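Engineer: Given only the sequences and the hints, what does the whole structure look like? Please build it.
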Amino acid sequence: MDIGQTLYWIGLAGCAVFAISGALAAAEKQHDIMSFILLGVVTGIGGGTVRDLILDRPVFWLVDPLYLEVCIAAAGLTFFAARKIKFKHKALVWMDAAGMALFSIMAAQISQQWHASWMVAMVMAMITASFGGIIRDVLLDQMPVVLEPEIYVSASLLGALGYLLTCSFQGVEDGSANYLALAIGFSIAFSVRGAAIIWDLRLPKFPPPAAE
Amino acid sequence: MDIGQTLYWIGLAGCAVFAISGALAAAEKQHDIMSFILLGVVTGIGGGTVRDLILDRPVFWLVDPLYLEVCIAAAGLTFFAARKIKFKHKALVWMDAAGMALFSIMAAQISQQWHASWMVAMVMAMITASFGGIIRDVLLDQMPVVLEPEIYVSASLLGALGYLLTCSFQGVEDGSANYLALAIGFSIAFSVRGAAIIWDLRLPKFPPPAAE
Amino acid sequence: MDIGQTLYWIGLAGCAVFAISGALAAAEKQHDIMSFILLGVVTGIGGGTVRDLILDRPVFWLVDPLYLEVCIAAAGLTFFAARKIKFKHKALVWMDAAGMALFSIMAAQISQQWHASWMVAMVMAMITASFGGIIRDVLLDQMPVVLEPEIYVSASLLGALGYLLTCSFQGVEDGSANYLALAIGFSIAFSVRGAAIIWDLRLPKFPPPAAE
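Residue numbers (the UniProt record's numbering), protein chains in the order written: chain A, 1 to 212; chain B, 1 to 212; chain C, 1 to 212.
Please note: incorrect hints may appear among the correct ones.
For chains that are exact copies, the list does not tell them apart, and a pair is met inside one copy or across any two.
[What the hints assert, rightly or not] Here are the simulated lysine to any residue pairs, SDA-like style, with alpha carbons at most 20 angstroms apart:
#, residue 1, residue 2
1, Lys29, Val138
2, Lys205, Arg83
3, Lys205, Leu77
4, Lys205, Ser187
5, Lys29, Gln142
Bear in mind the hints are in silico, worked out from the structure with no lab data behind them. Source: prediction; values computed, not measured.
Structural biologist: Shown next, in the form of structure tokens:
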């Protein structure tokens, strides 16, 4: 399996994972199947759509509708399968963590292809990783999970930074597929977020303790 | 009146109808006239703007500001006239249904012109028809009407499907104006939504009954 | 300092001002520093990003990442400094007024460069000035300040109108830098908004008194 193909499957998996998180959020509020699909699609493709609009790239799911099909299928399956999954909220949080990590490194890589600076690449990672979930939470009229005091955006930024640093050490910063950098970036983002979930780690709230 | 012109008037009517629904929502919350205009404009042009951004077309109301003028006029008139309309909520729901049906078939037709697949055309119909109302409801901090268990997105998808099927039967799928297909698509979307409003039809909620 | 440079600093100041308003909103809800930065960035660049997407211009903070750096720095500094500022809500409201006035005239000027009609220029001013704050308020799950019955959108529209009228009197409507017009437009928008804040001016609510 060549490199482009691997990235392609990673992207599909990320969309599916976010679509499931959107559908599980619909399940918590006992919506109908169309609501599952709408929330699944919007959550799955929302972050990447905003990324592509800002970078002025063709929107990825217009170029390849398989992303849409995956989101619709994932949301539909969740409608019929979610009843049997215990700890729905827990599943949602972990799905979301995996999707966040995947989208962060992909956005950083795509930004490299656009010759963006590191800071732009990290902000694009933050936007891509968080906007699907933000749209989901805004539609369901709940406080976006990215604004909760748990570590979320930081994990995304650190994952993107890990990816960029690895690329830099290897001297390949043109956005070509880099397994090691992608693996390192994903691991950092996912494990930072995972640690925050398990041990309930939080950044200090405002007002900062340093100001005492 | 040639075909292009007819579609043009349909589009204007759809914007006006959505702008009125935005203004009626502002009336329910007793906002001022600027709020009427802002909500009217955003609801009227929001769905089509998102559609054009995603398809990378020139945004329709930049090309032809008459759409804006119609939205502003419709919202302004509503401010002065809405007092006399009884059953404001009912009027809002029916206006919304007509706008949804119009926008669904127009989005399907425009997607055909972009050589999009059927699934993309249906998703674009769903997005165009629902995003104006979603933005309206999000701004007013209420649960988006499209996520309520009433049939809304389904009506939009069925209308787009009816349009696409009719075009397919006639062998004309390049997005050229097709009265019959547009009429059939509109009728399906509007009557499905109308039936749902009148008889309070709903899709089964999660968890699905099949899972018993 | 030449004219282009002046406008550049005005733009940076507007972003910083909006970023601080986003960060102060995060302070009110006692969020952590990442939330400050996310809200600061989204509020600071949100309106201009929507403007650039609609006008199909390159998004301004991709072209020049200094805007991002300014937003991040402003939000970060606010995290550590906001504790010492009394009357946080008051500061937020005045920051917001200055950012609104700046963004309104800039959007009107950029629209002129795109050969947009006056109405489009005014609507772009309204969108640019209000969308950063709208996104901020939607994310924090509160009624957008632009929909409150205080005068906000009107101030933005009047400022843009003042700018356009001055340009028109001078016969220069190609969007080239026009100090006088920019100063007049800014003064109108800021003082109308300021007067509304100080004396609690409001537009008549619906239903309009004329309908009695």
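Engineer: For each hint, tell me whether it holds in the structure or not.
Structural biologist: Evaluation of the provided hints:
no. : hint            : verdict
1   : Lys29 - Val138  : both (14 angstroms within a copy, 17 angstroms between copies)
2   : Lys205 - Arg83  : between (36 angstroms within a copy, 12 angstroms between copies)
3   : Lys205 - Leu77  : between (39 angstroms within a copy, 14 angstroms between copies)
4   : Lys205 - Ser187 : neither (26 angstroms within a copy, 37 angstroms between copies)
5   : Lys29 - Gln142  : both (11 angstroms within a copy, 15 angstroms between copies)
Taken one by one, the earlier hints fail for this structure only at number 4.
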